[in-house]
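Asker: Each chain, letter by letter, is given below.
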Amino acid sequence: MFKLDKNAVKWGSALIDKNGPMTIEFDLYYIFLIVGFGLKRSQPVQNGSIFTKNYPKAYESSRHKIAALLLYTDLKASGFEVNNKANVKSAISETLSSSSYNFISDDAIERLNGYANGGYHAIKDVLPSAPPNANIFLNIINDEFLPELFNF
Amino acid sequence: MKISIEQIETNGLRCPNTVISFKNKPTGPVINLLQMPNGTGKTTIIELLQGALTGDAINWSPTKIKSYARKTEGDLAVEGLFKLTISIERNDKHIQIVVFQIDFDFHHGKVDFFTTPNKGAGMEDGWSPPKDLRQYITKSCVEVFVFKGDKVNDIISPEKEDAEVTIKAFFGIDSIEGFVGIVKDNFRNRVSQTTVNDRNVKSEKALLKRWTDRYILLKEKYEEFSKDLVNFEKKEKDLKDNWGDVINKQKGANDKQIEIESNIEETKNQLSKHSSLVFEQLKNPFSISNNLISGLVIMKDSLDRMKLPGASRTFFDELIAEDNGCICGRELDNKSIQKIEENIDSYLSNNEINIINDIKRGITEANDDASIVDGLKGLFDELNILHESHEDALNAKSVFDQNAKRNADKDGSDIFDKLTEITEKMVRARAAKRNLSKNSSLSDDDLKRPEKCYSYIIAEKAQDKFIEKIGGMSDMLKDVQANQILQKVITTAKDKALIHLKDHLKKLTNQKLKETLSDGSQIEVLEIDKFVQLGWNNIKQSEGSGAQNIIVAYSFARSVLEEASIEFPLIVDHPVAQVDTANRESLGATLASMMHQFIGFLIDTERPGFLEGVNSGGDVHYISLFSDIKGNAAFIDSIKKINNDETYITDNGYLCYNKDFFIENSMGVGNV
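As they're listed, the protein sequences go chains D and E. As numbered in the numbering used here, residues 1 to 152 make up the first sequence, in order. As numbered in the numbering used here, residues 1001 to 1672 make up the second sequence, in order.
Here chain E stands alone, though its shape is the one from the complex (with noise of 0.2 Å):
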């Protein structure tokens, strides 16, 4: 099944009046390029038509509905419209074009939302697409190929868990989940609602209750401090924005900014490879002191000279299995039988030797490499001058910043206070959200005190130790193991599909990395698991450069979206924002590989040597959207001079395809 965006419509938004229409073909890709002046509307664009998509503009807060209004002159739109167009085309060809529209009342707070399922059908209440499509779009699913924000940063990110949600949301192991929690809670419910009489059955209870009510309320505070988590990263975003501004304006502090930012991200990679190589190296505990080597070589001796009897365990083992009498010709009697057994502990039994064997040869091999400890002591050497490097990098970036927020008027060193208070917040509800999603064994003690239990996950294994112990004193032990079976099924074969399939996407999106990355690119994944685990040749690294990372977040939407058999555009705000100017040429020149249509949301900062690439890479479809205000009079200028098939004038704004306007007329951050 491969969806295209057709059509984007909108009126009375924060964005022109307008109807863009995209490219797709029936075979080959395009990419479709979109500019506009900062301040134009394009996350509101790309918002709402992740809205429209899944539906999730029915459930938007009348404040979030009202935040899309256009404002003219001081004035909000009373009502508004966001129409999307898309088309499915099924393997027999035949092409169903589905319509998205949101209603807008900004003057209650509400919308209306309508879909028209089939062209020529009539408009239906609601959100309703085609049944096959709908386990797609819903918010998670489309987050894989919709790129706002540090959406790829965050599929790298061990603080997120994009990947793994990314997973279960496209293949459906969040609805078993969902279901596994069902079946628990109704049998918690169950077995809590027992009406027995024995004082011990009465007094489990009573914990069962007190675990219950601490799962109740750890699982809250996990829920609230996810919550929090996720309004910090908005704030952490808006403020890094509003501080990168600020730095803006003093001069020369821009490019120190990047060169202090780059270096800190540079020695972070370094020693977080590196440190991994040491620890690696470390796992062979004989590579820590030669005197140990000496120590185990002796013991070694030892163990050469006990001749160890090779098979003789088997050849006993064997004399009396097979009851053919003794080597001698005598028969084995039951008291000789007995003898043997009683004696054949003391030989070693062959898988025994081959363990010994094993220990003698890693002696051997430990006291044969000369440089084996020198080789630990030169990596932590090494380990500790990279960790004086970033200690370093992180030290100037603190003087920068101190010396930044002097430079800056209040409002700046504001923003400059408010962004550090938001960083502390965020480590504060990461550290908690790590706390209470803990997992350890439970002993007999801790099972009797639920109050000193921090982690939900714990206090839900204490619950069900306490129903398999109800139900045992109770008559529903039968019940009981029954739902333990049932749920013990259904979770082995979920998470056996899990692994599978992070197993398998993370073979797909490097082959897909192989494919798209230029010769001697050392970045793979390593392992797909909360998030995409980079690095090369077994050492970890937590992230590539700019365009490795994009490369990488592509690669796997890509293999995602393959494996479920569905294409679907790749939407990006900002494609190339954090990719140095010398590599924007080569990644502009792959995307053409990377989906059958892409459409990207560009600005001025990011054109020069992207613009190059993509050119070279197939074909373009550019498209430039500015509002009729006095900022744009000169895009307006110009724009007068192109073909009147290729320019849109509505009551607010201009769209224009063609190409020379869109190259000779660089729009966005120049444009605020």
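For reference, chain D alone in the conformation it holds in the complex (with noise of 0.2 Å):
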């Protein structure tokens, strides 16, 4: 189940808007995540709120993708080498389901939440209230956060 805290639907409700970028939820979310994954920060999710089981139409063909970051920043976080085979076996049993829509299984998909948990707090850091529309606001994540993204 994908989840977001609660503060963070919260944060970003007016981000959210059917003429702007960024239609729906996920859209929200994706962005916390690639933040929470590219500076390596998770948090658990503590006051969730669950806003889909499966990924949304438009991010379909981005599943493995993001399934692939997925396995490279937990093999990061854990201090693991990423040219290491049996690391990245391991790692591969512990995050890829072939019998789930979302390419990953429901612990993984609890891993994801807490990354994209960790964006949100990373971005309310720097904006402690959201701006008032999406445009904006990729402005702000591309000059504040994505030259300090994967530097690792």
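Relax, there's no trap hidden among the hints.
Calculated lysine-lysine pairs in the BS3-like style (CA-CA distance at most 27 Å, straight line): (1) D/LYS53 / E/LYS1360; (2) E/LYS1168 / D/LYS18; (3) D/LYS57 / E/LYS1494; (4) E/LYS1433 / E/LYS1461; (5) D/LYS57 / E/LYS1283; (6) E/LYS1283 / D/LYS18; (7) E/LYS1530 / D/LYS57; (8) E/LYS1221 / E/LYS1465; (9) E/LYS1530 / E/LYS1283; (10) D/LYS53 / E/LYS1502; (11) E/LYS1168 / E/LYS1507; (12) D/LYS18 / E/LYS1148; (13) E/LYS1377 / D/LYS40; (14) D/LYS18 / E/LYS1377; (15) E/LYS1478 / E/LYS1209; (16) D/LYS10 / E/LYS1221; (17) D/LYS53 / E/LYS1494; (18) E/LYS1410 / E/LYS1251; (19) D/LYS89 / E/LYS1339.
From the structure, some residues in chain D lie toward chain E, with a derived Cβ separation under 10 Å: (20) GLU25; (21) PHE37; (22) SER62; (23) ILE92; (24) ILE104.
Quick caveat, the hints were computed from the structure, so don't treat them as lab data. For glycine and all other residues, C-beta sits at the position ideal for the given N, C-alpha and C.
With the hints in hand, could you dock these two chains into one complex?
Answerer: Spelled out as structure tokens, the structure:
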């Protein structure tokens, strides 16, 4: 179950707009997620609000890429080398699930939720309240965060 | 079923006493253009037409009724009449004439409503159109083909829900929603009235009561804000018109304002299109950083070296399932099968290997595409520039408004302040509506605190949870389950029907757009949900050009009517007010293909280009209507030269069906 902290949903509610670039809650989740991945920042979701069970259609083609980032970030965050075959194999068995539409197991989705929550907190540290719309938000993400992501 | 407007008769109302006949033909379209000087009662006629057709006039308030009274030298008319005659042609080609009549008693603020359901039959009290027409002439349905105010923009505006409201009304979805509501309410009442003496049930029932009270409160607030918003929108429109008049008085200000506003629209559109493009690209997370790609390539090397064991897992799965012994010929005993089953999970299934291969392919593609990261960076840079341009345009508007306010007199300056105030109120009301209708999941903690809930949707969900819980604790479990199944069946059927309709209408609207728009017009309907989402090649845009927006709105209306197998006239107040002169001609030429009967209420500023277009497009019926007042002396002189057969003079007005008169005498804003 994809979950966001209730405060995160509240924080970003003005960014979701049917007529803007971010139209669904998953769009907000995705931005939080890539920031959480890129900063290796994960925080468990305490007061979560479930908003979808599966990836929305717009993210269908990104499923395997997000799974790859989870594998990669988990390995890096645990201090394991990504060129170690055994580490990678063990990470795969803990992460991938062929029986799930999402390509990853329920446990892995919980870890994904942790990274998204970590990303939310990282963004909130810089922006205590959300910008008025998603256009400005994307500009800030580009200026303040993208250059800092995946520098590990 | 084809419905046409045949005639409108007015007497004692805020428009000249007259009988206007509209044209239509058994086959082929007719365009009826009606011009009237400003203040002659265009809006009155359209409102009365809607009130008569829908029967809504029966419920008008005394103030509204009195507002239609004709004022002559300070005295209000005592009584008035509005008569609408329509024709209904069914498949058997039989034509039925139906008359709706509103008799006004202005003195008491009352109306008497009559219907003549068949020509020759007697008048009946009240609104009683033929049964097969009723469902299509409700208030929401009539708004589909009567375009007034900002209707064109409302269909494509995310702030409104006009597209969905239209679909729900036309195809009976709102009746199903009403039915689900009744089922829910009845069951809630039943559960809350159960008399179980268990302490736990009592405490749950007390919580349910708190949730029900909360729901009622929040729903009332939501309705209140919705009502406020409708009033604010009306006021905003009037204030905008008044502010426009203030600007018109300032030399050169009108042109400047048009330039600034079109610049805002243009930069907003560019920004909206481009930010969608950026976000689409950002959905490929491998485009974020070169460093990430390098790291992923190293991980891919490990995946390559793992020599993924192909179909091993499938092989062992089949070996056990087929029960033909081991590949080496030995019999597979239970111990061997158990051992294989214990180890089988350490092998990857074909599906897992497919996922890994997809991951590897994605990494390779990102690594091979030298421009992937720079491409995203470039798009972000451009977004930044577009954002600044839009900010500049907004700032220019703010400076312009402040200057215009400074140059205005006291009344003008007050209008500006009121407009600013109403705009802020609208923003707050919209935000409140959004918050009051939010949807999210409920934790056990949330369920204990109804007073902390601020959304009626969530409060309704909480009520359902308690009903289920109480039902389970009492002896109503089976009833609860049956009720849930019933609600689910109806709701699922309704939701699926709505999705299907929206998708189908999207296709129909796009087909019509293709037929109507000129080649190379980059606009299409991407999605129909609450509103019609425009865009091109999956990139959203908030709106098209003025002409494109109109064609989208008309095409959507036509699609809805076509799907419902019914034809109505298209009735439009100011058909091309928002279209630049260059595009009016082509829009005018395409109108004939829109509906079998078009009735447009036109003003002088809309004529250039448009008249040339409609002339080339089809059979046009020109109508001019004006009051017998000094200000119209030029028209009165001119009408005297027209053939009597085409001119009708009443006690307070003139009606003329002559084309040359229409072309030569321009009526509208210039004749206030």
